[in-house]
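Given next are the chains, with one letter for each unit.
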Amino acid sequence: MKKSWLRLIGLSTIVTMLTGCDPLLVLDPKGPQAQVQAKDIMLSIGIMSFIVLIVFVLLAYMLVKFRASKQSPDYKPPHIKGSTKVEIICVGIPVLIVAYLSFISVESNYKVESTPEKYKQEEPLIIYASTSNWKWHFSYPEEDIETVNYLYIPAERPIEFKLYSYGPITSFWIPQLGGQKYAMADMVNTLHLAADLPGEYMGRNANFNGKGFAENTFNVTAVTQDEFDDWVKEVKATAEPLTEEKFNTLLEPGHVGQSTYTGTHLTFLPAPEGENGGHQHGTSHIKDHASQQKDH
Amino acid sequence: MKIDQSLPLEYSTQQNQLNILGFWVFIGAEIMLFGTLFAGYFVLVDRTGNGPTGAEIFEITPVLFETFILLTSSFTIGLGIHAMRKGYTKAMIWFYVLTLVLGVVFISFEVYEFMHYIHVGASLQTSAFTAALLTTLGTHGAHVTFGVFWGMFIVYQLIQRGLTPETANKSFIFSLYWHFLDVVWIFIFSFIYLKGMV
Amino acid sequence: MEYFERFAIPHPSQAIYASMVAIGLTVIAIIVGLTYFKKWGYLWREWLTTVDHKRIGIMYLISALLMLFRGGADAIMMRAQMAVPDNTLLDAQHYNEIFTTHGTVMIIFMAMPFIMAFMNYIVPLQIGARDVAFPRLNALSFWLFFMGAMLLNISFVIGGSPDAGWTNYFPLANNEFSQSVGTNYYLFALQISGLGTLITGINMIVTILKMRAPGMTLMKMPMFTWSSLVANVIIVFAFPVLTVALTMGTFDRLFATNFFTTSDGGMDMLWANFFWVWGHPEVYILILPAFGIYSEIISTFSGRNLYGYKSMVGSMVIISFLSFLVWTHHFFTMGQGALTNSIFSITTMAIAVPTGVKIFNWLFTLWKGKIVFTTPMLYSMLFIPTFTIGGVTGVMLGMSAADYQYHNTMFLVAHFHMVIIPGVVFAMLAGLHYYWPKMFGFMLNEKIGKWTAWIIAISTLLAFMPMFVSGLDGQARRMYTYSASTGFGLWNMISFIGAIGLTIGFILLVYNVIYSIRYSPRNVGSDPWDARTLEWATPSPVPYYNFAKVPHVISTEALWDAKYHQHELFPEPYEKIHMPNNSGVPFLLGCIFFAWGFSFVFGMWIPTILTTIGIFICMAHRSLEKDPGHYVPVEKVKTTESKLRGSQL
Chain V
1 MKKSWLRLIG
11 LSTIVTMLTG
21 CDPLLVLDPK
31 GPQAQVQAKD
41 IMLSIGIMSF
51 IVLIVFVLLA
61 YMLVKFRASK
71 QSPDYKPPHI
81 KGSTKVEIIC
91 VGIPVLIVAY
101 LSFISVESNY
111 KVESTPEKYK
121 QEEPLIIYAS
131 TSNWKWHFSY
141 PEEDIETVNY
151 LYIPAERPIE
161 FKLYSYGPIT
171 SFWIPQLGGQ
181 KYAMADMVNT
191 LHLAADLPGE
201 YMGRNANFNG
211 KGFAENTFNV
221 TAVTQDEFDD
231 WVKEVKATAE
241 PLTEEKFNTL
251 LEPGHVGQST
261 YTGTHLTFLP
271 APEGENGGHQ
281 HGTSHIKDHA
291 SQQKDH
Chain Z
1 MKIDQSLPLE
11 YSTQQNQLNI
21 LGFWVFIGAE
31 IMLFGTLFAG
41 YFVLVDRTGN
51 GPTGAEIFEI
61 TPVLFETFIL
71 LTSSFTIGLG
81 IHAMRKGYTK
91 AMIWFYVLTL
101 VLGVVFISFE
111 VYEFMHYIHV
121 GASLQTSAFT
131 AALLTTLGTH
141 GAHVTFGVFW
151 GMFIVYQLIQ
161 RGLTPETANK
171 SFIFSLYWHF
181 LDVVWIFIFS
191 FIYLKGMV
Chain R
1 MEYFERFAIP
11 HPSQAIYASM
21 VAIGLTVIAI
31 IVGLTYFKKW
41 GYLWREWLTT
51 VDHKRIGIMY
61 LISALLMLFR
71 GGADAIMMRA
81 QMAVPDNTLL
91 DAQHYNEIFT
101 THGTVMIIFM
111 AMPFIMAFMN
121 YIVPLQIGAR
131 DVAFPRLNAL
141 SFWLFFMGAM
151 LLNISFVIGG
161 SPDAGWTNYF
171 PLANNEFSQS
181 VGTNYYLFAL
191 QISGLGTLIT
201 GINMIVTILK
211 MRAPGMTLMK
221 MPMFTWSSLV
231 ANVIIVFAFP
241 VLTVALTMGT
251 FDRLFATNFF
261 TTSDGGMDML
271 WANFFWVWGH
281 PEVYILILPA
291 FGIYSEIIST
301 FSGRNLYGYK
311 SMVGSMVIIS
321 FLSFLVWTHH
331 FFTMGQGALT
341 NSIFSITTMA
351 IAVPTGVKIF
361 NWLFTLWKGK
371 IVFTTPMLYS
381 MLFIPTFTIG
391 GVTGVMLGMS
401 AADYQYHNTM
411 FLVAHFHMVI
421 IPGVVFAMLA
431 GLHYYWPKMF
441 GFMLNEKIGK
451 WTAWIIAIST
461 LLAFMPMFVS
471 GLDGQARRMY
481 TYSASTGFGL
491 WNMISFIGAI
501 GLTIGFILLV
511 YNVIYSIRYS
521 PRNVGSDPWD
531 ARTLEWATPS
541 PVPYYNFAKV
551 PHVISTEALW
561 DAKYHQHELF
571 PEPYEKIHMP
581 NNSGVPFLLG
591 CIFFAWGFSF
601 VFGMWIPTIL
611 TTIGIFICMA
621 HRSLEKDPGH
631 YVPVEKVKTT
641 ESKLRGSQL
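Residue numbers (full-length UniProt numbering), protein chains in the order written: chain V, 1 to 296; chain Z, 1 to 198; chain R, 1 to 649.
No lab work stands behind these hints, which were simulated from the structure alone.
Note that beta-carbon positions come from the ideal geometry of N, C-alpha and C, so glycine has one too.
Keep in mind that a hint or two might mislead.
With a Cα cut of at most 30 Å, we get these calculated BS3-like pairs of lysine-lysine [stated by the list, open to error]: (1) V/Lys-76 to R/Lys-636; (2) R/Lys-563 to R/Lys-39; (3) V/Lys-81 to R/Lys-358; (4) R/Lys-220 to R/Lys-563; (5) R/Lys-358 to R/Lys-563; (6) R/Lys-626 to Z/Lys-2.
Selected chain Z positions facing chain R (Cβ under 8 Å, derived; list incomplete) [what the hints assert, rightly or not]: (7) Ile-27; (8) Ala-29; (9) Arg-47; (10) Thr-48; (11) Phe-75; (12) Gly-78; (13) His-82; (14) Ile-107; (15) Gln-125; (16) Ala-131; (17) Thr-135; (18) Gly-138; (19) Ala-142.
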């Protein structure tokens with residue numbers, strides 16, 4: 001077991017060296033969820049490299065040993081049907097590997113789908129993250145503020161992102177804090193993340209949603225809880241309120257840069273969850289919105 | 001074409017056997033087609049938006065008529081095949097004609113049913129539920145309609161050419177198709193209408 | 001005026017205008033050429049109306065190669081745009097259209113016809129049949145595929161290309177967000193060619209189950225035939241799902257229904273589910289016949305029988321079954337919860353086991369063999385290591401928690417290219433070199449062939465290995481550009497160099513064909529590779545009736561038995577041979593389907609109705625027609641055979 005970890009560390013150094021100095025974002029986790037995923041990735045790279053190595057060695061051996069040029073011209077290859085023993089090994093070992101990886105995969109999946117163990121005792125911060133072409137709206141219902149295209153979060157506290165979309169399917173992704181999840185028009189997805197350290201992180205929509213997709217990014221700033229509280233206060237003191245009219249102009253397709261508001265759109269346009277769940281509501285906000293757009 | 005007298009007429013040549021097996025494989029594909037439509041229907045059945053639910057629009061009378069007619073037509077085409085096996089070409093043609101007439105009556109009922117749905121505000125565009133419902137029913141109805149025309153061509157050939165390995169083969173395959181549509185209808189009746197009305 | 005505006009390209013560029021001119025000139029050149037050389041009659045009699053499975057196979061092959069270059073041109077444009085940060089070679093919309101058509105063309109109109117080409121050409125020969133079960137339907141299959149391909153390919157000069165990705169996720173693909181008619185083209189091109197594929201599926205299953213030579217039991221079928229059988233069973237069960245999904249998508253776009261909309265109860269997730277219930281089995285439809293070709297080639301050039309025949313068959317059957325149980329892994333991040341993800345994670349990784357069995361069986365086929373490095377063998381030996389890399393990254397992607405990080409990134413793009421290119425494209429190129437002498441009666445140049453193989457293999461690694469890295473560094477797929485600060489530049493530049501290498505490789509392939517047509521010696525004999533299976537028992541090129549006498553088979557390697565174990569392959573006397581008649585109706589029906597699709601794309605209802613009626617008239621004609629076929633008399637068979645065999649021996 002120890003040896004395999006050594007090999008893993010060796011591998012990760014190789015991967016790191018390959019990229020010059022900066023480690024790859026996904027393999028440079030800054031939160032517990034991303035850590036789980038990075039660990040799984042490195043483990044699977046290790047095991048898979050081992051399998052690749054076996055195949056390469058076997059192939060090289062066969063090709064070197066059994067080339068026609070190395071054999072007498074009258075050599076007649078034998079007729080070999082196959083052997084149960086070999087088959088059992090060829091099935092058995094992969095089954096064991098797959099079983100082991102399945103175990104890890106299932107365990108990790110439950111981990112990333114719940115509040116990080118490390119911060120269980122903390123009260124999670126709930127942020128509604130919704131997309132419209134091609135921007136992100138972040139609503140902080142408890143703080144009663146809303147931002148566009150940037151995100152402030154307290155470090156060392158679990159965050160529950162409630163994801164949904166005004167339009168095409170998008171995917172909320174902050175590689176260094178954890179893997180992505182879809183934001184869709186029809187239901188609200190929950191993504192559990194947390195940042196271990198204050199810092200700046202890259203966030204983006206990872207799922208193709210049309211012309212403005214490449215620039216569909218947002219900045220994430222993780223700060224201490226105190227700094228976060230100060231920021232909230234400052235926003236409440238200085239930002240203008242988010243009116244329904246203002247929000248509808250924000251929803252129009254395009255790029256709008258960053259902005260900050262007091263109040264959230266959740267009060268007049270609730271997220272498609274619970275009673276507002278997509279499958280029961282009739283003509284949705286989007287259609288209203290689309291028809292409004294046509295009127296303009 | 002070698003004709004093997006020991007086999008029933010519809011199986012008597014190599015090509016006939018290929019045709020029948022090919023049609024069974026085609027029915028396999030059709031099962032997947034309707035299976036997918038049913039899967040889509042079950043996913044969307046409660047997603048009625050502003051439109052009506054199934055319980056609000058389904059009417060038992062035309063559906064019972066449709067079921068009765070289609071089941072009867074399945075029986076009559078079975079009698080047609082029985083007559084074919086016995087070599088009673090005339091009886092066979094009459095049973096086929098009867099089957100097709102029942103098919104036309106079925107389609108008429110279905111057209112009435114669709115008009116009723118549109119009348120009560122459940123058109124193709126109303127909601128995901130109505131779209132799935134009308135598409136599933138419509139696909140079955142289109143199959144029956146196609147079958148009626150196909151059957152007419154077969155009856156014409158039976159009259160013109162009599163019972164040959166080719167016409168027997170075509171008639172037999174058509175009967176498979178017709179029975180299959182009947183089976184699909186039983187599923188529609190049970191899982192769309194009955195389940196929707198409860 | 002507004003009516004005609006729909007036919008204009010929504011995002012014109014120099015490249016598109018140049019392509020329009022090029023297409024126009026090519027069409028004129030073809031028409032003039034055919035007229036000048038008086039080849040219209042030849043084209044009509046020998047190709048457009050043919051029902052011969054070999055001719056149809058060759059037409060599939062030509063189409064596949066054409067589409068390979070179409071999709072390849074898309075690829076090189078994408079890689080060029082991505083080669084440096086903040087590039088402005090293409091704008092966002094143009095880039096979106098290009099990656100959409102690249103994916104669609106490569107999967108549906110390149111890889112599919114390539115395997116169809118080999119299935120059509122080889123399967124009947126391998127089982128000792130004289131044609132497929134339904135030759136007329138076979139021609140129809142081809143023309144439906146071909147017209148579907150043409151429909152997609154005219155999109156970029158009339159009305160605009162599809163731009164919602166080859167996965168075409170709704171609601172992005174709906175009218176609101178994809179406004180040109182491009183997505184309509186996608187829906188109808190796939191619908192029409194999908195119908196053709198389904199018909200092929202039925203045709204091939206019946207052919208393989210009912211038309212095998214005497215003595216060839218199921219467990220004595222050559223491996224390529226087995227793989228084709230399994231792939232066609234998957235086709236029959238997977239393609240109807242696509243049919244329904246496409247129909248619903250079409251209704252949403254043309255008739256304003258609410259299947260996949262965001263209002264009135266529509267469900268965008270349903271499309272993704274339907275698409276991948278078809279889409280994942282589709283991958284195995286492509287790769288299993290490719291595996292079959294590798295099995296034939298590796299066994300032939302090791303001079304040995306295929307190791308573990310039974311487990312090869314068993315693993316394919318298991319793969320085909322599992323392929324329907326893994327579709328959710330294409331969207332682990334959709335929020336279906338840890339339990340669902342766990343189940344699909346396990347089924348996904350489980351596929352690695354039968355696939356691994358196949359790899360090991362190939363390796364053990366080499367064992368104690370006498371390995372000859374011909375071009376097809378070289379491709380196969382380059383396939384094993386590169387495919388293994390692609391395959392194991394698939395297992396990594398199958399781990400659902402980690403997939404949250406891989407999903408939608410270049411890592412995924414690298415994975416599926418590293419699977420499909422070595423798995424399918426190398427196999428098709430290997431098969432092309434391997435079966436070329438059977439199809440055309442001369443060999444492709446071995447020296448150029450080997451150079452090509454090495455260049456293509458190394459370029460594949462160069463083009464796609466860097467994507468694993470940039471994916472892990474956070475590069476999402478389908479971005480038309482990125483800033484220099486991301487640090488993706490280096491990796492994308494290496495990919496671009498790899499793409500250039502691939503271009504050179506494929507140009508060399510064409511050069512090889514031209515070179516070999518001119519200089520390659522004819523009279524290579526019926527069995528130039530010292531092969532083992534029945535297709536090599538026919539003369540090359542194959543006479544249209546395939547086998548003069550019905551072969552009798554006692555093992556999986558009928559020809560080997562005949563050559564080295566005194567098995568009498570053709571014990572029967574000459575008999576007259578029944579063959580199907582040619583027909584122009586499949587071609588005509590294909591043309592009508594093209595017009596039908598085109599009318600639908602633009603919502604032109606009167607032509608739609610007329611073409612629909614046309615389709616039914618063709619079907620009615622087929623119902624009433626008497627088509628007894630014809631007999632080739634014994635004398636004619638004898639003279640043909642002595643001419644073909646005599647010139648060789």
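Consistency of the hints with the structure:
Between the alpha carbons of V/Lys-76 and R/Lys-636 the distance comes to roughly 40 Å, so the proposed pair goes past 30 Å and is violated. Between R/Lys-563 and R/Lys-39, the direct Cα distance comes to roughly 41 Å. Violation of the 30 Å bound is thereby established for this hinted pair. For the hint linking V/Lys-81 to R/Lys-358, the alpha-carbon distance of about 14 Å falls within 30 Å, and the restraint holds. Taken as a hint, the R/Lys-220 and R/Lys-563 pair is honoured in the structure, with Cα atoms around 17 Å apart against an allowance of 30 Å.
For the hint pairing R/Lys-358 with R/Lys-563, the CA-to-CA distance comes to about 28 Å; that is within 30 Å, so the pair holds. A C-alpha spacing of about 17 Å is found between R/Lys-626 and Z/Lys-2, which places the hinted pair at or below 30 Å, so the restraint holds. The beta carbon of Z/Ile-27 comes no nearer than 10 Å to any beta carbon in chain R, farther than 8 Å, and the hint placing it at the interface is violated. The restraint placing Z/Ala-29 at the interface with chain R holds, with a minimum CB-CB distance near 5 Å, inside the 8 Å limit.
A cut of 8 Å between beta carbons decides the hint on Z/Arg-47: the least distance to chain R is about 3 Å, and the hint holds. Annotation: interface hint on Z/Thr-48 holds; nearest CB of chain R at approximately 6 Å, less than 8 Å. Taken as an interface hint, Z/Phe-75 does not check out: its beta carbon lies about 25 Å from the nearest beta carbon of chain R, beyond 8 Å. Checking Z/Gly-78 against chain R: minimum C-beta separation of about 22 Å lies over 8 Å; hint violated.
Nearest Cβ of chain R to the Cβ of Z/His-82: about 24 Å, over the 8 Å cut. The hint is violated. Contact between Z/Ile-107 and chain R, as hinted, is not supported at the beta carbon level, the nearest pair being about 16 Å apart and thus beyond 8 Å. The interface hint given for Z/Gln-125 is met, as the beta carbon of that residue sits about 5 Å from the closest beta carbon of chain R, less than 8 Å. The beta carbon of Z/Ala-131 is positioned within 8 Å of a beta carbon in chain R (closest approach about 4 Å), and the interface hint is therefore held.
With its C-beta approaching chain R no nearer than about 7 Å, Z/Thr-135 sits inside the 8 Å limit, and its interface hint holds. Residue-level restraint check for Z/Gly-138 is violated (minimum Cβ-Cβ distance to chain R is 10 Å; threshold 8 Å). With a least beta-carbon distance of about 11 Å to chain R, the hint placing Z/Ala-142 at the interface is violated under the 8 Å criterion.
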